[in-house]
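Asks: Sequence:
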Amino acid sequence: MGATGSSWGGMVQDQLPPNMRSRPSARTSRVRIRIKDKRSRKGDSANHKYTQMPVVAGGWTDFYQIHRPAALSSSYKRSADLYKTLRIPYLRGLSFSEILSHMKRFLPLLSLLLLVSLISCQSKADSKAPPSGPAEVIFLQLNDVYEISPLEGGLTGGMARVATLRQQLLAEQPATYTVLAGDFLSPSVIGTVKIDGERVKGAQMVDVMNHLGVDYVVFGNHEFDLDEPTLQKRIDESQFEWIASNVLRADSTPFFRQEGEQQIPLPQAAILETPAARIGVLGVTLDANKVDYVHYEDVYASARAVYDSLAPRTDLVIAITHLAIEQDRELAEALPGLALIMGGHEHEQHFEQVGTVPIAKADANAKTVYVHRLVKDPAGAFRFTHELVPIGPQIASEPLTDSVAQAWEALAYGAFKDMGFDLNAPVATLPEPLDGRENSLRLGPNNLGIALAHAMYDAWPGVDAGVVNSGSVRVDDVLSGAITEFDLIRTLPFGGKVLKVSLKGQLLARVLDAGLANAGNGGYLQVWQVARTDAGWEVAGQPLDPGRVYTIAISDFLLTGLESNLDFLTRDNPGITEVVSPEAGTTAADIRKVLAQYLKKL
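Read in order, the letters of the sequence shown correspond to residues 5 to 606 in this note's numbering.
Mixed in with the good hints there might be a few duds.
Straight-line alpha carbon distances no greater than 27 angstroms define the calculated DSSO-like cross-link-like pairs of lysine-lysine that follow [claimed, not checked]: (1) Lys198 with Lys237; (2) Lys597 with Lys198; (3) Lys421 with Lys604.
Derived from the structure by calculation, the hints contain no laboratory data.
Construct the complete structure from the given sequences, taking the supplied hints into account.
Replies: Okay, here's the thing in structure tokens:
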């Protein structure tokens, strides 16, 4: 639906000035804008205001104060009690109930230590004098973060390290904003476990992000992997702002934060009051995850409407986006006045300039972050600089955020143990490393992807080929040496079955073509016994015959029609002649067991 069809209210078309009636950017709804004054300490609710402003001149303005939820969720409270104690190594092997029994002995002391620590940190922060020199604003940008702890044996990533960088930037310039450009609630191995009978589903990310000090986020497509009640819990638990310029609930009303009996609508935009500039912020999301409780408005019309509302009230406007890079480019062309686009979705770092608009994306899982510095020189001109910062051992972990992450990992270990998993149990020793990094797995044939497709092929003797989507693998890490059950779970957190599917060659060719076109995202297909030549596709060394029926081993997710550009691949497609599902308890009933069985043979 275009922006002019919004049910948010406002003026009808015939009330608009004649020169605006035909423009899709002349949105007829009010724009919800949150105003934040960074000149005071973060968390001072007296300096967080909310307003609704009409897009076109005239109308009314309504201000009221923002209040954060007074009560934290039970999971948040529980993890807060456990942070410091969970740094004791021996707890890592215990079940959740065993961990809780150990914690009870330490809680009074922990509470006192945490209070002293917070008072000390606050005193140090308050005593810092503002830096001299030109006024400046800093934006610390992350995107697509699914893991709270470092990867690759501790060599990359880690939210506690990002927290340290944020503190360093705040010491340099108090007007520092930390933003995450979508995709953080799902998927992850910790998110799949149940604690107190309820799946974690991103609670660990919100908890860590709260402690890190994230200021602003936008929805990513994976936020909507969660059902609506669970997503509402995560929004309510969060202590950061969600900007939603084009994302609504199914009834075209805004998503909201529940604060007691009050529902606070998520803003379509924010205005940052800083010593250097008054900065407008909009946030848009692609419509890749079309679940039944979400309504997406047109990205460009929505962005134009919000931009037109912000521009007269600010010195400059920036965008936080979760879009494909092609969409970011189109946005930059449509809104050449944007000062910066901080994007996500692709998972690989990228920087380019479209006209005068910089577009920046960091690597997924906080392997890198972008630091953008806005300087206002004595003449009043604004200038942005951009620095891609690797996150690794050269940056120390901030202790409290690190303790939060360790607490959640220990809870996950305990929950898996209660489920019967022995996460430290050896599965196999790899003769060579398997590369599960997304910037390899999603761009071409990859040894882990090929191994997985081969394993699926072996799980159904007699099939012609094995086919799996790269997005099934979420480890974003290199597996080497001794592989444990935990390695398998974090590699394939979704689990799922391996199906035996018979389909016509014409449909198989269409599937393979779509998978090849998906290079760069999770829909890129890893295959076994399939090859692409100048003459076309081959299966088992022979040219693919469009009229023949082939039988392949395929991941069950691929048959849902939910993968990018593969919406036609469903059980009711007339090109599919048979679907065989594995019996419960067999190896093929769990893709992780399929991979384990294969790795043991290496």
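Asks: All the hints need checking, so say for each whether the structure fits it.
Replies: Results for each hint:
1. Lys198 with Lys237: Given pair Lys198, Lys237 holds - Cα atoms ~15 angstroms apart, limit 27 angstroms.
2. Lys597 with Lys198: 21 angstroms, holds
3. Lys421 with Lys604: Holds: Lys421 and Lys604 sit about 22 angstroms apart, inside 27 angstroms.
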